[in-house]
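For the record, the sequence lines run as chains P and D. Heads up: the first sequence is residues 1 to 327, going by our numbering. Heads up: the second sequence is residues 1 to 327, going by our numbering.
The hints are simulated quantities; they were obtained by calculation from the structure and are not laboratory data. Because the structure is a prediction, the values reported are computed rather than measured. Hints should not be assumed to be uniformly reliable.
Identical copies go unnamed one by one, so any copy, or any two together, can satisfy a pair.
In silico BS3-like pairs for lysine-lysine, Cα to Cα no more than 30 Å straight-line [stated by the list, open to error]:
#, residue 1, residue 2
1, 312, 258
2, 101, 312
3, 327, 258
4, 254, 310
5, 88, 237
6, 238, 101
7, 289, 327
8, 304, 266
9, 238, 258
10, 254, 238
11, 310, 170
12, 101, 237
13, 101, 88
14, 88, 310
Each chain, written out:
Protein chains: 2
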Amino acid sequence: MNIQSQVDLWFDDYNRRAAARLDAVPALRGLYEPVYYTISQHGKQLRPTLMLCGNQLFGGNPDDVREAAIGIELFHNFTLIHDDLMDKSPLRRGLPTVYSKWNANTAILSGDAMFSLAWQQMIAHQHTATPQVLQCFNQTATLVYEGQQYDMDFENLPQVSLDQYLEMIKLKTAVLLAGALKIGALYAGADANEIELLYQTGIDMGLAFQLQDDLLDAYGNTATLGKQTAQDIRDNKKTYLYIKALSLADNTQKEQLKTIFTHQDKSEAEMQQVLDIYSQLGIRQQTEKAIVEHTEQALSSLSKINTDEKRKDVLHNLITSLLNREK
Amino acid sequence: MNIQSQVDLWFDDYNRRAAARLDAVPALRGLYEPVYYTISQHGKQLRPTLMLCGNQLFGGNPDDVREAAIGIELFHNFTLIHDDLMDKSPLRRGLPTVYSKWNANTAILSGDAMFSLAWQQMIAHQHTATPQVLQCFNQTATLVYEGQQYDMDFENLPQVSLDQYLEMIKLKTAVLLAGALKIGALYAGADANEIELLYQTGIDMGLAFQLQDDLLDAYGNTATLGKQTAQDIRDNKKTYLYIKALSLADNTQKEQLKTIFTHQDKSEAEMQQVLDIYSQLGIRQQTEKAIVEHTEQALSSLSKINTDEKRKDVLHNLITSLLNREK
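Produce the complete structure using the sequences and hints provided.
Quick look at the structure:
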């Protein structure tokens, strides 16, 4: 069975049991319905897919990652519930966020409950790798919060460097992709050296992935994305595009960008002006170049891993396919 | 060394290291300072104390519970940070809550980070009991959220029965005390039967503890408690006192109570009227009676545990001392 089909089957089964539990304890619907609402939306399931990839890369047994694959997706979705509340985001995947569909308290508490459901998955499987898996999982969670903290801090900083930005998205996004790969490899009993190379593969893949997200926000298709485009500009988010633009802009453009990025409610003309400056500076091409670089870096790390070359195909294809994704 | 001194030493050491880490990464102060602010306040540390009690009851090695004892207190404090935000509580232990000292987003994210620090403690120690300990810890966390969900749901219910209320405080408060005792006993290798009796001890102790909290809110001393008294009445909280009063009130008293408990801003006269009705119905004595009953129930379960009788003294004294606590 291919990796995506296997992951889909696992989630179908999990969602079926989650729906049954929801019906079994109606008094707790308020707590668990937002969890079910979120996990049953079938996001990209990139992290579980990566975990199974990491496992198969070293000839592991898929059964070993079954629980943890769902656990890492539950964790990821829990962070989205809390992040959407903190960022006051109304939409995700074309649907209202938990915060906007219910309320702030529901987003807080159902998010917390979802994290415990994630842990339930992570501790369910007894394996010689379990202590290392739990360390990796918890360490990753901590780094993700640190990334979110930097992201929120950046809103109040007058200036953010490209290096600071890359460090932030590394923590907020890339470490979880890298952690998913690593946990899969740990369950397959891979050597520390190979795991380190795989982790680096995940980091660069994650950086490329987030830069692609930044790009899609400005240049993607609303219907495909399931959310409004150019939301980052509207929200004055200091994305790669904005920081790169500032670093290349002349004084007039810099003044214009900075001024518009102090406005809470932007006119359509102002939105267009930002996109025009991006266009004058070739920001789209610059970002695409950075995405290609990190993708090549990821593939280079992957190529150095000592394992059956044939087994690398799935991950190789996954990494290159992210280059062309539209959502 | 006595149990309280041992717990104090562990926390002194943990807090010293936490303070050093805070200084080492100034860029992450925004995330970790609220964690340090909360944990260094030295709450009652009842849960770590109970964990060590549960361990010593079966002749365990204190070193085995060192990490988990701090972990359970970190978890408890994380739930307080999120609860205070959800309840919009300005004060705890005489100090501003994280939510009011910083802001909502800080309370959410630093709370999440604190939960990961709790897990860091829980997974730090490798022991044959570790899988059971982690199951117990995570199951307990889930039940605590379910309790908080019921608590929030109760605000919007026209009527809550005493049984519903006791189930809610069992989940929100008692299971964590019981879980602390159980984890201590697991690390000491106690038998399942004895652990079950100890868990029941913890549940009844926890119920008595929460009823005492309800009582202290209405009749305690502001300075001793570190928060305003009668806050539950002010907040229209359906506590044991209120539910018991409704169950004993005549129609006139019932109308008065229900009407006053719809008002968001109560006059001093209304506050006094509630306390007068409580007084007419002997609510203070009724609550004290329930506290004594659960305390006796806890002591009865403790007495049935098969272990060296001398070892029971510490827990026995702790349970009875809670009867007379003033904060």
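Legend entry - Alpha-carbon proximity between residue 310 and residue 170, which holds within one copy, between copies, both or neither at 30 Å: So residue 310 and residue 170 pass the 30 Å test inside one copy only (29 Å; across, 55 Å).
Legend entry - Within, between, both or neither, where residue 101 and residue 88 count as close if Cα-Cα is 30 Å or less: Result: close both inside a copy and across copies, 12 Å intra and 21 Å inter.
Inset, instruction - Give the relationship of residue 101 and residue 237 under a CA distance limit of 30 Å: within one copy only, between copies only, both, or neither. - result: Classified as both: same-chain Cα gap 24 Å, cross-chain 26 Å, threshold 30 Å.
Legend entry - Same-copy or cross-copy closeness of residue 238 to residue 258 [CA-CA at most 30 Å]: Within one copy, since 11 Å is at most 30 Å while 51 Å is not.
Legend entry - Copy assignment of residue 289 with residue 327, given that the CA separation must stay at most 30 Å: For residue 289 and residue 327, the Cα distance is within 30 Å only inside one copy (19 Å; across copies 62 Å).
Inset, instruction - Have a look at residue 238 and residue 101 and pick one of within, between, both or neither, based on CA distance no larger than 30 Å. - result: Classified as both: same-chain Cα gap 27 Å, cross-chain 27 Å, threshold 30 Å.
Inset, instruction - Indicate which option fits the pair residue 88, residue 310 if close means a Cα-Cα distance not exceeding 30 Å: within, between, both or neither. - result: neither (45 Å within a copy, 57 Å between copies)
Inset, instruction - Go through the copies and call it for residue 88 and residue 237: within, between, both or neither, with a Cα cutoff of 30 Å. - result: Both ways: residue 88 and residue 237 sit 13 Å apart in one copy and 29 Å across, limit 30 Å.
Legend entry - Within, between, both or neither, where residue 254 and residue 310 count as close if Cα-Cα is 30 Å or less: So residue 254 and residue 310 fail the 30 Å test inside a copy (49 Å) and across (76 Å) alike.
Inset, instruction - Indicate which option fits the pair residue 254, residue 238 if close means a Cα-Cα distance not exceeding 30 Å: within, between, both or neither. - result: Close inside one copy (14 Å), not across copies (57 Å); limit 30 Å.
Legend entry - Homo-oligomer pair classification [residue 266, residue 304; C-alpha up to 30 Å]: Answer is neither: 48 Å inside a copy and 71 Å across each miss the 30 Å cutoff.
Inset, instruction - Please work out whether the CA atoms of residue 101 and residue 312 approach to 30 Å or closer within one copy, between two copies, in both situations, or in neither? - result: For residue 101 and residue 312, neither the intra-copy (41 Å) nor the inter-copy (51 Å) Cα distance is at most 30 Å.
Hint compliance for this structure: hints 1, 2, 4, 8, 14 are broken, all remaining hints hold.
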